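A.B. asks: What follows is each chain in one-letter form.
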Amino acid sequence: MAQLIWNGLFVGSFYALVALGYSMVYGIIKLLNFAHGDLYMLGAFTGFAMLGAMGGLVHSSSLVALLVVLVLTMVTTGIAGLAVERVAYRPLRGMPRLSLLITAVGASFALEYGTRIAAGPNPRVYPVRLDGASFTVLGARVTVQQLLLMAVSVVLMAGLTMLIGRTRQGRAMRAIALDPKACLLMGINVDAVIARTFFIGSAMAGAAGVMAGGYYGKIDFLMGFIIGLKAFTAAVIGGIGNVPGTMLGAIVLGMLESFGTHWVGGQWRDVFAFGFLILFLTVRPTGLLGERVTERV
Amino acid sequence: MKKFTMGAVLAVASLAVSACGQGLLGSDDAEDSGPITIGMAIPLSGSSADIGPYMKNGAQMAVDEINARGGVGKRKLRLRVEDDACDPKTAVAAASKLVAAKIAVSVGGYCSGATLPTLPVFDRARIPMIIPAANSTELVAQRLKHVFLINGTGDQQAVAAMNWMTKSGPKKVAVLHDNTSYSKDIALRTAAALDRPGGPDKATLDAVNPGESDYSANIANVLKTHPDFIYWTGYYQEGGLLLRQFRQASYTGGFMVGDGSVDAKLIKIAGGKAADGVFATMTQTPDTIEGAGGWISSYKQKFGSDPGPYSTQSYDAVRVAAEGIAKAGGTDGDKIAKQLEAVNGFPIFTGPLKFTPQHTLGNGGFVILVVKGGAFTLRDDLK
Chain A
1 MAQLIWNGLF VGSFYALVAL GYSMVYGIIK LLNFAHGDLY MLGAFTGFAM
51 LGAMGGLVHS SSLVALLVVL VLTMVTTGIA GLAVERVAYR PLRGMPRLSL
101 LITAVGASFA LEYGTRIAAG PNPRVYPVRL DGASFTVLGA RVTVQQLLLM
151 AVSVVLMAGL TMLIGRTRQG RAMRAIALDP KACLLMGINV DAVIARTFFI
201 GSAMAGAAGV MAGGYYGKID FLMGFIIGLK AFTAAVIGGI GNVPGTMLGA
251 IVLGMLESFG THWVGGQWRD VFAFGFLILF LTVRPTGLLG ERVTERV
Chain B
1 MKKFTMGAVL AVASLAVSAC GQGLLGSDDA EDSGPITIGM AIPLSGSSAD
51 IGPYMKNGAQ MAVDEINARG GVGKRKLRLR VEDDACDPKT AVAAASKLVA
101 AKIAVSVGGY CSGATLPTLP VFDRARIPMI IPAANSTELV AQRLKHVFLI
151 NGTGDQQAVA AMNWMTKSGP KKVAVLHDNT SYSKDIALRT AAALDRPGGP
201 DKATLDAVNP GESDYSANIA NVLKTHPDFI YWTGYYQEGG LLLRQFRQAS
251 YTGGFMVGDG SVDAKLIKIA GGKAADGVFA TMTQTPDTIE GAGGWISSYK
301 QKFGSDPGPY STQSYDAVRV AAEGIAKAGG TDGDKIAKQL EAVNGFPIFT
351 GPLKFTPQHT LGNGGFVILV VKGGAFTLRD DLK
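So the sequence lines, in the order shown, correspond to chains A and B.
Everything in the first sequence is counted per full-length UniProt numbering, starting at 1 for the first residue and increasing by one.
Everything in the second sequence is counted per full-length UniProt numbering, starting at 1 for the first residue and increasing by one.
FYI, nobody ran anything at the bench for these hints, they're computed from the structure.
Please read these numbers as outputs of a predicted model, since none were measured by experiment.
Don't be surprised by glycine CBs; every beta carbon is placed ideally from N, CA and C.
Check the hints yourself; a few may be wrong.
Just a few of them, taken from the derived set where beta-carbon distance is under 10 Å, the chain B residues facing chain A [stated by the list, open to error]:
#, residue
1, S33
2, A49
3, D178
4, L188
5, A191
6, N209
7, S216
8, I219
9, K224
10, L241
Simulated restraints on C-beta separations [as the list claims (entries may be wrong)]:
#, chain 1, residue 1, chain 2, residue 2, range
11, A, R174, B, A101, 58 to 68 Å
12, B, A375, A, A119, 20 to 30 Å
13, B, G277, A, A133, 45 to 55 Å
14, B, K273, A, A49, 46 to 56 Å
15, A, G106, B, G70, 50 to 60 Å
16, A, A133, B, V370, 21 to 31 Å
17, A, L67, B, D381, 24 to 34 Å
18, A, G55, B, V370, 30 to 40 Å
19, A, A49, B, A326, 48 to 58 Å
Which stretches of chain B does chain A cover? Using the computed rule of at least three CB atoms under 8 Å from a CB of chain A, they are [unchecked claim]:
#, region
20, 131-139
21, 160-168
22, 262-273
23, 334-343
Can you make the complete structure from the sequences, with help from the hints?
C.D. replies: Following this line, the structure appears as structure tokens:
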């Protein structure tokens with residue numbers, strides 16, 4: 001039982017890191033950024049390339065190297081997120097929602113198959129693997145690397161919450177989420193704030209990518225697809241556009257998968273998770289912490 | 001009215017197709033002196049991309065050898081490779097391309113799930129298929145006249161797994177698959193054998209969803225049944241992750257993988273130590289076949305690397321195809337198929353070839369490998 005909860009928490013915190021970017025972008029410009037999962041993949045590959053370039057340095061101090069690479073990768077994927085926004089989304093802003101959705105799918109494929117050209121179609125194995133001792137807490141096996149990764153996730157998420165809740169930047173983001181036109185009239189540089197949102201969201205996805213690479217070890221150019229879908233589900237369950245809700249949704253999804261597998265068997269894991277999503281949408285379409293949206297006329 | 005239009009379109013389409021078919025055959029006769037094309041649809045990208053080049057090299061080696069001896073009936077052979085990405089849709093497109101390229105025989109097929117939908121494509125065009133690597137029993141279950149399998153079937157692999165498990169003595173075996181045709185076939189047959197009295201018992205039969213990274217939920221599910229042996233019948237990517245995560249969850253019992261997981265990447269993904277002592281059911285690879293030394297060194301010389309899994313089967317597939325074409329005296333698919341059925345004692349790596357009435361090998365040739373020092377080595381030939 002304790003093991004199931006721990007597994008759910010761990011997977012959930014991974015989903016949360018990816019889901020936050022989804023949720024932030026949706027919260028601000030009501031766009032489902034389908035390329036988000038692929039930025040996670042891009043993060044994994046960027047980290048792979050950097051670790052490869054560092055070569056011998058890596059093995060002597062692998063943990064430090066991984067943390068340095070994590071930060072560098074966040075910057076790189078953040079910039080990639082900016083580029084995607086500039087090229088694929090900004091020119092279409094103000095167009096019908098559907099064209100944005102389609103360009104998002106296009107951006108996703110461009111990233112996937114671009115990576116395939118650059119890095120090849122074969123799965124790659126991370127040069128640095130997190131290994132560590134494990135111990136038992138209340139009957140659940142916990143490994144040191146799991147704790148480390150969760151600590152990094154918590155720090156990143158706490159930083160993000162602070163940023164949105166306490167800073168001028170965050171206030172601007174919240175204001176744009178409410179009414180972009182009014183913000184423009186009030187002299188807020190809407191384009192810049194949206195770009196920054198993309199940067200932050202993509203950087204978080206990139207961080208999750210490097211962490212997945214270091215923990216699981218295997219990366220391939222299609223790895224972003226499933227996690228993108230799961231992150232989207234997590235965001236919807238928690239209330240898309242709502243930051244604490246997204247984190248809660250990700251934990252709930254992780255738990256659902258963990259317990260669902262336990263109760264109904266392994267091959268039903270995704271059926272259970274997505275079936276729950278449908279059930280949830282019919283009962284509470286705005287998500288756990290989502291607010292009821294009143295249509296503005 | 002709508003129905004009528006549809007009918008008309010279909011009629012025109014089928015006319016066009018049959019006309020094309022005749023056109024194909026007609027030009028084949030006209031091109032009697034040109035090279036004979038052998039087609040091969042294999043994964044060069046996607047989840048099993050590592051295997052494709054081995055198969056391609058093996059086939060190319062046979063083609064070059066046959067051409068060096070003057071070809072088949074004075075006609076040279078030519079190999080044409082298409083990527084099936086281990087994906088059913090891509091595979092059908094690749095098969096159609098090969099049919100359009102007027103191949104005489106197809107020698108491709110690695111992922112069973114991707115190879116299955118290509119069977120009717122080749123069969124309709126009356127092109128014999130000699131499948132070197134895919135081995136789901138479903139491939140031959142349709143009893144298509146043009147489909148031959150020169151790899152052991154899922155049935156034979158399950159028997160080999162069962163033999164080894166009975167011999168090496170685990171008590172409770174968990175069987176895991178990934179819900180693809182190939183993997184599920186072996187898993188279900190193994191599980192059925194475990195349910196019968198005698199030999200080890202079944203702990204659980206479970207499946208995972210391929211393509212994910214975290215299998216901790218599945219692993220907890222398997223471990224609650226307390227197995228002391230686990231048989232994974234899927235491919236190496238998930239196999240490596242499962243192996244690593246099982247060991248992290250402090251599972252210390254035995255672990256065995258099916259032939260789809262026999263790849264050096266499995267050991268890398270699992271992370272070296274975790275893979276030590278892992279068994280595998282595998283059809284013979286060049287390095288486990290006695291007397292293949294000469295073959296291996298000429299392969300190395302040609303391609304600059306060690307021959308990988310299924311290079312020998314692909315090599316054999318081309319040779320068997322050439323034999324069929326030579327005996328049939330041309331590229332007529334029906335005649336080649338008839339000649340293949342009549343093949344008796346043709347030497348291939350797994351022994352003298354004679355197809356069973358189901359177009360499979362009489363002897364699957366499965367052996368047990370074990371991971372030792374970061375490589376798969378022969379453990380038991382099950383003879």
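A.B. asks: So, for every hint listed, does it hold in this structure?
C.D. replies: Right, here's what the structure says about each hint:
1. S33: violated (38 Å)
2. A49: holds (5 Å)
3. D178: For D178 of chain B, the interface hint holds, since the closest Cβ of chain A sits about 9 Å away, which is under 10 Å.
4. L188: violated (13 Å)
5. A191: Given a least distance of 13 Å, the restraint on A191 of chain B is violated.
6. N209: holds (5 Å)
7. S216: Check passed: Cβ of S216 of chain B comes within 4 Å of chain A, closer than 10 Å.
8. I219: This hint holds: I219 of chain B lies near chain A, its Cβ roughly 9 Å from the closest one there, short of 10 Å.
9. K224: Holds, because the Cβ-Cβ distance from K224 of chain B to chain A comes to roughly 8 Å (cut-off 10 Å).
10. L241: This interface hint holds because 6 Å falls under the 10 Å limit.
11. A:R174 / B:A101: 58 to 68 Å: holds (60 Å)
12. B:A375 / A:A119: 20 to 30 Å: Given a distance of about 25 Å, which is inside 20 to 30 Å, the answer is holds.
13. B:G277 / A:A133: 45 to 55 Å: Check failed, 22 Å falls outside 45 to 55 Å.
14. B:K273 / A:A49: 46 to 56 Å: Because 26 Å falls outside the window, the suggested range is violated.
15. A:G106 / B:G70: 50 to 60 Å: holds (52 Å)
16. A:A133 / B:V370: 21 to 31 Å: holds (28 Å)
17. A:L67 / B:D381: 24 to 34 Å: violated (49 Å)
18. A:G55 / B:V370: 30 to 40 Å: For V370 of chain B against G55 of chain A, whose Cβ atoms are near 32 Å apart, the range 30 to 40 Å holds.
19. A:A49 / B:A326: 48 to 58 Å: At roughly 50 Å between Cβ atoms, A326 of chain B and A49 of chain A fall inside 48 to 58 Å, so the hint holds.
20. 131-139: Our answer is that it is violated, as 0 residues pass the Cβ test (under 8 Å) against chain A, missing three.
21. 160-168: Violated - the region 160-168 of chain B has 0 residues with a Cβ nearer than 8 Å to chain A, which falls short of three.
22. 262-273: n = 4 at 8 Å, threshold three: holds.
23. 334-343: With 0 residues close enough to chain A, the hint is violated.
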